[in-house]
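Protein chains: 4
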Amino acid sequence: MSASSNPSTQDILALMLQKDRFSQWLGLEIDDYAAGYCKLHYRITDVMLNGFDVVHGGVLFAAADSAFAFACNSHGILTVALDVSISFTKSARSGDLLTVEAREVHLGNKIGVYDIRTTNEQGELVALFKGTGYRTSKPVS
Amino acid sequence: MSASSNPSTQDILALMLQKDRFSQWLGLEIDDYAAGYCKLHYRITDVMLNGFDVVHGGVLFAAADSAFAFACNSHGILTVALDVSISFTKSARSGDLLTVEAREVHLGNKIGVYDIRTTNEQGELVALFKGTGYRTSKPVS
Amino acid sequence: MSASSNPSTQDILALMLQKDRFSQWLGLEIDDYAAGYCKLHYRITDVMLNGFDVVHGGVLFAAADSAFAFACNSHGILTVALDVSISFTKSARSGDLLTVEAREVHLGNKIGVYDIRTTNEQGELVALFKGTGYRTSKPVS
Amino acid sequence: MSASSNPSTQDILALMLQKDRFSQWLGLEIDDYAAGYCKLHYRITDVMLNGFDVVHGGVLFAAADSAFAFACNSHGILTVALDVSISFTKSARSGDLLTVEAREVHLGNKIGVYDIRTTNEQGELVALFKGTGYRTSKPVS
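Going down the list, the sequences are from chains A, B, C and D.
Using the numbering used here, you'd call the opening residue of the first sequence number 1148 and step up by one each time.
Using the numbering used here, you'd call the opening residue of the second sequence number 1148 and step up by one each time.
Using the numbering used here, you'd call the opening residue of the third sequence number 1148 and step up by one each time.
Using the numbering used here, you'd call the opening residue of the fourth sequence number 1148 and step up by one each time.
Next comes chain A alone, as it looks inside the complex (with noise of 0.2 Å):
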């Protein structure tokens, strides 16, 4: 797993992310990507905020998601997300950077199991998500 990044796992983030609206929209900066790997950074806006003024727990759970797919999806494999449990452990406030990062814990024939972390500027669990990908047959392209 995440041996150095080869120019074929970056073209595959490449063509993920040129037609990822919501990953856009989300403002998702990579920093750093290899085979089973992500991290990626982002700025809550007061778009993101729910009714109590924190950061809304669906744009949490969106940037993991995020990483885990470009994570999951690094090997070339279409690979999707079937389960996913996410823990929030703090909240988070307009203008806040959170940081993602998405490691491969197991990586199967046909299922791929990746442990998500965001934290905050503080180095501060946000959200610990483990999310569980079905790997398909077919090419990520």
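It is worth saying that the hints were derived from the structure and are not from the lab.
Some clues are possibly wrong.
Copies of the same chain look alike in the list, so a pair counts if it works inside one copy or between any two.
Computed list of lysine to any residue pairs in SDA-like fashion (alpha-carbon distance at most 20 Å, straight line) [to be verified]:
id, residue 1, residue 2
1, Lys1257, Pro1286
2, Lys1166, Asn1267
3, Lys1237, Trp1172
4, Lys1237, Gly1183
5, Lys1166, Phe1199
6, Lys1257, Ala1228
7, Lys1257, Leu1272
8, Lys1285, Ser1238
9, Lys1257, Val1227
10, Lys1257, Thr1246
11, Lys1237, Ala1161
12, Lys1237, Gln1171
13, Lys1186, Leu1272
14, Lys1285, Leu1244
15, Lys1186, Val1252
16, Lys1257, Ser1284
17, Lys1237, His1253
18, Lys1186, Leu1244
Since the model is a prediction, treat every value here as computed from it, not as a measurement.
Chains B, C and D: place on chain A using the hints.
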């Protein structure tokens, strides 16, 4: 649970929705609301898609999470999401109209558990969301 | 789903139960069984308790997991558990009689999703279990 | 987290284990223990198998749940499992020796989140368990 909605239940919802910018951005429309219950719908638009031209999992999660928040705060006690598990069963595309129904399955002193189902216009299950909320001791407003 | 049980559904259950030593150890008794459905009960004994004199979470999980396995294998296709999320809502004590009901909420080509509820004699929810199974291409026997 | 174990941490573990009949039945052996941390091992026996001759998911869950309980009660505050999500990544058979390691990933005022991994003798991941515990205001004993 879920006696027909009384004024204060409506007031709580109005209060939450009015300030919830991300739920507004998603275009959520409430169809029914009562203690421990919420039903809403929304339409998938292009900006909600991922790189595979299907709805981003974060959007499905977010709409279900809003229904969860509305249902678990309906009792007037500020309740925050702790843990959520979501299973994705069918993809959705731009233009699809999705319905989300949140039901309370357990209401304890400190904890509530909710079952939230998202279905498409054919009545097929798109996502199954199980959410656990922690009931603080503060009122919603 | 859940057309009234035909002989082969019964055969599948008999085959699974007969060899399932841990389900036998738990004392699971099947009450009803059909395609995509299983209802069973069992009684909590002293050896099933944890250090706080309430039932060990692993026992609640195990009985629900057996009901899940029986329900998802009922179609005759060998199906293995991929992901489970369980919420514990009420404790149970030695002597309590618990009922477990597994219902299919989605049956796809490769994936099935099940909702399994454990209740006590007062009808209170003890645990809510959501399970995703992966359907191999092999028959059960 | 996980400063080297002091006498009271050991006392808490001894107190919990001594009365925990189901953990004894599973044959759990503690290898290491500290605040927010627990490592243990056990061996799969025939009675722990399901009808497909592999370990019952309930056994994998139960051993991980015990490690979770030991880790989250290590601080001396009675903590109960609220929600758990488990992903099964590899099956195990009779005779296999499994190691379970529980790590604290978040410790809040009322909530703790733990990552528990079960591996086999080849170091392969057998199950990934994410647990959320609710910290009551009572001491463990």
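Here is what the structure says about each hint:
1. Taking the shortest alpha-carbon separations for Lys1257 and Pro1286, both the intra-copy value of 13 Å and the inter-copy value of 18 Å come in at or below 20 Å.
2. For the identical chains of this complex, Lys1166 and Asn1267 are neighbours neither inside a copy (27 Å) nor across copies (24 Å), given an alpha-carbon limit of 20 Å.
3. Proximity of Lys1237 to Trp1172 under the C-alpha cut-off of 20 Å is found in neither arrangement, the shortest distances being 23 Å within a copy and 23 Å between copies.
4. When the C-alpha separation of Lys1237 and Gly1183 is checked against a cutoff of 20 Å, the pair qualifies only between copies, where the shortest distance is 19 Å, while the shortest distance within a copy is 26 Å.
5. Only between protomers do Lys1166 and Phe1199 lie at most 20 Å apart by alpha-carbon distance; the minimum there is 7 Å, versus 32 Å within a single protomer.
6. Proximity of Lys1257 and Ala1228 under a CA criterion of 20 Å is satisfied in both settings, with 12 Å inside one chain copy and 13 Å between copies.
7. Within a single copy, Lys1257 and Leu1272 get their C-alpha atoms only as close as 30 Å, which misses the 20 Å cut-off; across copies the closest is 15 Å, which meets it.
8. When the C-alpha separation of Lys1285 and Ser1238 is checked against a cutoff of 20 Å, the pair qualifies only between copies, where the shortest distance is 17 Å, while the shortest distance within a copy is 38 Å.
9. Taking the shortest Cα distances, Lys1257 and Val1227 sit within 20 Å of each other both inside one copy (11 Å) and across copies (12 Å).
10. Taking the shortest alpha-carbon separations for Lys1257 and Thr1246, neither the intra-copy value of 29 Å nor the inter-copy value of 25 Å comes in at or below 20 Å.
11. Taking the shortest Cα distances, Lys1237 and Ala1161 never come within 20 Å of each other, neither inside one copy (31 Å) nor across copies (26 Å).
12. For the identical chains of this complex, Lys1237 and Gln1171 are neighbours neither inside a copy (24 Å) nor across copies (23 Å), given an alpha-carbon limit of 20 Å.
13. Taking the shortest Cα distances, Lys1186 and Leu1272 sit within 20 Å of each other inside one copy (15 Å), while across copies they are farther apart (23 Å).
14. In the homo-oligomer, the alpha carbons of Lys1285 and Leu1244 never lie at most 20 Å apart, since the shortest distance is 35 Å inside one protomer and 28 Å across protomers.
15. Taking the shortest Cα distances, Lys1186 and Val1252 sit within 20 Å of each other both inside one copy (15 Å) and across copies (19 Å).
16. Both within a single protomer and between protomers do Lys1257 and Ser1284 lie at most 20 Å apart by alpha-carbon distance, with minima of 9 Å and 13 Å respectively.
17. With identical chains, the CA atoms of Lys1237 and His1253 are at most 20 Å apart between copies only, with a shortest distance of 9 Å across copies and 27 Å within one.
18. For the identical chains of this complex, Lys1186 and Leu1244 are intra-copy neighbours only, at 13 Å inside a copy versus 33 Å across copies, given an alpha-carbon limit of 20 Å.
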